[in-house]
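Trainee: Same order as they appear, the protein sequences are chains D and V.
Offset between the first sequence (1-based) and our numbering: plus 146.
Numbering follows our numbering, with no gaps: position 155 of the second sequence is 136.
Don't read these hints as lab results, they were simulated from the structure.
Cβ coordinates follow ideal geometry from the N, Cα and C atoms, glycine included.
It cannot be assumed that every hint is accurate.
Okay, the calculated bits of chain V under chain D, using three or more residues with CB under 8 Å as the criterion [unchecked claim]:
no. : segment
1   : 13 to 24
2   : 41 to 49
3   : 70 to 80
4   : 114 to 127
FRET-style restraints, in silico, Cβ to Cβ [to be verified]:
no. : chain 1 : residue 1 : chain 2 : residue 2 : range
5   : D       : Ser233    : V       : Asn5      : 20 to 28 Å
6   : D       : Arg234    : V       : Ala132    : 18 to 26 Å
7   : D       : Asp205    : V       : Ile7      : 35 to 43 Å
8   : D       : Arg174    : V       : Gly117    : 28 to 36 Å
9   : D       : Val152    : V       : Gly141    : 36 to 44 Å
10  : D       : Val172    : V       : Gly141    : 45 to 53 Å
11  : V       : Gly122    : D       : Glu153    : 27 to 35 Å
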Amino acid sequence: MAGIPVEHGLFLAGILFGLGLIGVLVRRNVIFMLLSIEVMLNAAGLAFIVAGAQWGQVDGQVMFVFILAVAAAEVAVGLAMVLQLYSRFKTLDSDAASQLRG
Amino acid sequence: MEIVFYGAAVVAVISTVMVITRLNAIHALLYLIVSLLSVALVFYSLGAPFIAALEVIIYAGAIMVLFIFVIMMLNLGPQTVLQESQWLQPGTWVGPAILAFVLLAELFYVLAAGVTMPGGEPVLGQPQDVGLALFGPYLLGVELAAMLLLAGMVGAYHLGRREGIGADSAQYQESARQRVRQMEYGVEGGEWDVGSSMQRVGSRE
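Only chain D is shown next, with the shape it has when bound in the complex:
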C-alpha cells in the first residue's frame, strides 16, 4: 500500500508471531497458552492482509475471514477442554495432564 513497505508489515507480523510462540513455549497455564495461540493466529492473518495489500487483491482478506472462523472454532473447543481440565485436576497447569492414561 502507498507509503508502507511490505517488509515492515511482514516484520510486524513476524514479531507478533514470535511473541505468541514464546508465550506458548514459556507459559504453563492453559489459559495463557490459548491466548498466545490467538496472538499467533492473528499474526498469520496480518501477514495475509499485508500480502493482499501488496498485490492489490482481495484474496488475502478472504483468507483472513477463514482464519477468523478457524480461531472461533479453536477457541470454543479449547475453552471446553480448559473446563474439563479444571474439573478433573482442579488446576490450570498443563503439566498436570501429561499422564495420558485415559
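Dock chain V against the given chain D, drawing on the hints supplied.
Mentor: Chain V alone, transformed into the frame defined by chain D:
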C-alpha cells in the same frame, strides 16, 4: 497514513509483550484486547476497513467474551469478591488505558486529517469485493468453514458436559432416564389426543 501504521504497530508489540508476561489472566485479557484493537488499526491503514471491523467485532468482541466467561466460571467462590476489589485498583487498568488512548489519538488523527483511504486509489477492501470473492471462487472454502464450525460446536458441547464425577453422574443418568420416561408418556398422550380429535373430525364429516 504511515504514522498510523507505525504507531499502531508499536502499541501492538508493547501490548502483546504485556500479554505474555502478566500473571493474572484478566490483566492479560485487557492487554490482548488492546493488541487486537491496534492490529485492527493496522488493517485499516493497510486499506482493509472491512477486515478491521471484523477484527474488532469478532476477535475483540465475541472471542474475548468467551475467554472472560470461562475465566469467571473457573474461580467461583468467596475469594472472587476480594479479587474484584483488587481488579479495580488503578494499577490494573492504567496500562491498557494508556495504550488504548494512543490508539484513540491515532483514530482522531485519521478522522481529523481527512485521510481517505490511502493515496486515493480505488479502495480494495470494500465489503462487497470481499463478499464477491468469498462466495465466488472461494465458495468451497466457505462450506468447509461451515462444517468446521459445526464440528467445533458439537465438540464444545460434548466436552463441556459435566459428568464422570461418581455419584453426580449416577444421579444425572437417573434424572435423564426420568426425563426420557416423561417424554415418552407425553408423546403417547399426544398421539392419543391427535387420534381422538381426528376421529371426532371424521365423525363430524
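Trainee: So does Val152 of chain D sit 36 to 44 Å from Gly141 of chain V, Cβ to Cβ?
Mentor: 42 Å, holds
Trainee: Are 3 or more residues of the segment 13 to 24 of chain V near chain D, judged by a Cβ distance of less than 8 Å?
Mentor: It holds, with 6 qualifying residues against the three required.
Trainee: Falls inside 20 to 28 Å, the C-beta gap from Ser233 of chain D to Asn5 of chain V?
Mentor: This hint holds: roughly 22 Å between Cβ atoms.
Trainee: For the hint 35 to 43 Å, verify it against the beta carbon of Asp205 of chain D and that of Ile7 of chain V.
Mentor: 37 Å, holds
Trainee: Indicate whether the distance between the beta carbons of Arg174 of chain D and Gly117 of chain V respects the range 28 to 36 Å.
Mentor: Violated, since Arg174 of chain D and Gly117 of chain V (Cβ atoms, about 45 Å apart) do not stay within the stated range.
Trainee: Indicate whether the distance between the beta carbons of Val172 of chain D and Gly141 of chain V respects the range 45 to 53 Å.
Mentor: Between Val172 of chain D and Gly141 of chain V, where Cβ atoms are some 28 Å apart, the hint is violated.
Trainee: Verify this for me: three or more residues of the segment 41 to 49 of chain V with a beta carbon less than 8 Å from a beta carbon of chain D.
Mentor: holds (count 4)
Trainee: Regarding Gly122 of chain V and Glu153 of chain D, is the given constraint of 27 to 35 Å on their beta-carbon distance met?
Mentor: Distance hint for Gly122 of chain V, Glu153 of chain D holds at roughly 28 Å.
Trainee: Is it true that the C-beta distance of Arg234 of chain D to Ala132 of chain V lies inside 18 to 26 Å, as the hint says?
Mentor: 23 Å, holds
Trainee: Check whether three or more residues of the segment 70 to 80 of chain V sit with their beta carbon closer than 8 Å to a beta carbon of chain D.
Mentor: Coverage by chain D is violated for the segment 70 to 80 of chain V (0 residues, Cβ < 8 Å).
Trainee: Are 3 or more residues of the segment 114 to 127 of chain V near chain D, judged by a Cβ distance of less than 8 Å?
Mentor: holds (count 5)
When each numbered hint is compared with the structure, violations occur for hints 3, 8 and 10.
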